[in-house]
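Listed in order, the protein sequences are those of chains A and B.
According to our numbering, the first sequence is numbered sequentially starting from 494.
According to our numbering, the second sequence is numbered sequentially starting from 150.
If you're looking for bench data, these hints aren't it; they were derived computationally from the structure.
Glycine included, every Cβ here is placed at the ideal spot set by N, Cα and C.
Careful, some of the hints might be misleading.
[Said to hold, decoys possible] The calculated label-pair distances, taken between Cβ atoms and stated as ranges, are:
id : chain 1 : residue 1 : chain 2 : residue 2 : range
1  : A       : Lys917    : B       : Ser273    : 55 to 63 Å
2  : B       : Ser256    : A       : Leu693    : 37 to 45 Å
3  : B       : Ser256    : A       : Asp526    : 15 to 23 Å
[Stated by the list, open to error] Short derived list, chain A residues pointing at chain B, Cβ under 10 Å:
id : residue
4  : Phe523
5  : Asp534
6  : Lys601
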Amino acid sequence: MSILPPGLSARQFARVLAEFEGIVGKDWVFSGDEDIAPYRDHFSMLKGQPDELIPAAAVCPADVAQVQAIVRVANRYRTPLFAISTGKNFAYGGPAPNVRGSITVDLKRMNRVLEIDEKRHFAVVEPGVSYMDLYRTIQERNLKVWVDTADVGWGGLLGNAMERGTGYTMGPYRDHFSAHCGMEVVLANGELLRTGMGALPGSQTWHEYRHGFGPDPAGLFAQGGFGIVVKMGFRLMPQPEHWRTGLVTVPKRRDLVPLIDTVNYLTDLFVIGEPLYASPLRILKDDAAFVKAAEAFDEAELDRLAAAHSLHAWQVELQFYGSERSTLANWEWAKELVMRNIPGAQCFDGESLRVPVTQEQIERTTRPYPAPYASQMRRNVMHGVPKLYVWWMPSRTEEFPNSWNESHVGLFSLVGRSGEAVLKAQRDFDAIARQHGIRPASLYAISTPVNWHQTTFLMGNGAFGSSTHNETTPEAKIAQLKVLREVLKANAAAGYGDYRAPPVLQDAVSDQYSFNDHVLRRFNETLKDAIDPNGILLPGRGGVWPRALRALRGALRK
Amino acid sequence: MNLRYGLWVSCIAVSPLCGVVAGAEDAAAVAAGKSVFQLRCAPCHGADRGGDPAHALLPGTDALRIKYQGKVPALLEQRTDLTAPVLHVFLRHGTWSMPPFRKTELSDADIDHIAAYLAVASHSTGR
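When you get a sec, could you build the whole thing from the sequences and use the hints?
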């Protein structure tokens, strides 16, 4: 027991653990260094430092009643809890708490798929259910529904939704919090709350009409510490009959504006799934003349070089779900719109596959377009098949044969969903990176957004680009953290906010959302103090601090 | 880090098959280990490779391929040195980009079963 919860003596802590053992059994309370080790953030930039965010203990309930009992004990001792579901929130803190010395409530043992409705298209799961678990259950039952999976399939539906994580299929499904439909929550006093129609005893529509009547507090539980969600419904996408892709390329830099306008139109009519933007010019990244023009944002020269190399400036890959005929008709319509709106554009037919695709089709490299145009599609996530394929990102690779990304951190800024906004963000992020001495991971002039959440873009900025395999010493990691804080300030000054962050940076991101003297945060903290007066549930999560621990705001590496 | 490395080395040095032989003879343990391996390990350390050569679809297998350059098998199911004590160290502490696994994800018995399975699997591949 090398760490004590804040405010507790060793004797009090021992009593808390004894009470927890009485609730869940001795085998499911962990407090020794060895057992606590897996509850640390494997990618922490503070690893081994005195202020690393390590829990004091972990308690692992098997059911809702045990969660309620744990919360009541914590309230009596006023000791902070931090809840995890599958604990795989890597790049955003993993299983680590916001407050060092918290007691982690590990919900992984609550791993039942409670319901799958193939006709009404929803599933209800407990917190420990991973994307892989639900997918496997769907396959075993031969059901014709898809789960929109996060990139790394070992993550949990509930935890990912709580973090407002994302996927890749049609818009309403790939925004994972928005795809939720009803939740059951243990409140700070141990009471059990159901949101939406779940509040109506005997309701048949809990997982179809998530709003219920009156104010809906569901949003408070995402990226916040207002309760421990112990059951959650999710909308599932009905399995389509066919999947088709197509590639659009446009010749000039400014063609990005009508290209995004056209794709937005198709997206918001629910004609296409997630579009994947890229620049074919990235194959010129080692060409000195090109790099010079890109770093100078010399648009005329970039267009000249693109033409000289017979390349187009931008590409977007579209995907269509439906029947063979409907996907073909929609692709033909998309081509018609593109050719009408963007002179000089090109369209290439991509894949046309009957669904469900086979494992071999999932694994086969997709190269449907003429060189040099490459597909960005990772078929598994486009088909709701959870895998660990992208775990190469923090791993040893051919490019980095002797290192791994020890500071794997995700920071993405929200950018307006227009060509003008993207072109401006490229310049802004480039300037911010240069100002802070960050070596970009790629040329900003050809960086493109991701459309994970249907209605907005995210772009990795200088902060994300700085997280490389190279920062391996403790001193370098701390220096990196300092730079990230400065970058977040600069981003906010330029009007960019981040959608998600690891605990070590959540106060810095929360600071960005400062309209009217931080009224949003003050509102949330007023609620927090009323609902959780002892401040025991996930203090500091999302930048919301309870009165008892408010002095800790920004204290980490101040 | 030194403690972990030390424990790893001592397990290898003291008994290359410590904790495995008895389990390997237990068909139930091997079967359980195979099931857990396929569920929890194979998605990263499996044998089927595909995709873009620059970004293999099985990052664990690929990382070990790059690390060992053929001197040690990249596939865990071909390894003879992954005894239960070694697996306990790697799985509870993580190694490189592989994060640690909690007891709620993989029990101590699960890890022992995986070791039992790997011992049999490596023999069946003739290594």
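Hint check:
Roughly 60 Å separates the CB atoms of Lys917(A) and Ser273(B), a value that falls within the hinted 55 to 63 Å. Distance hint check for Ser256(B) and Leu693(A): the Cβ-Cβ separation is about 40 Å, which falls inside the suggested range of 37 to 45 Å. The supplied range of 15 to 23 Å is met by Ser256(B) and Asp526(A), whose beta-carbon atoms lie about 19 Å from each other. Restraint check, Phe523(A) versus chain B: the minimum CB separation of about 7 Å is within 10 Å; hint holds.
The closest approach between the C-beta of Asp534(A) and any C-beta of chain B is roughly 9 Å, which is under the 10 Å cut-off, so the hint is satisfied. The criterion of a C-beta within 10 Å of any C-beta in chain B is met by Lys601(A), whose closest approach is roughly 4 Å, and the hint holds.
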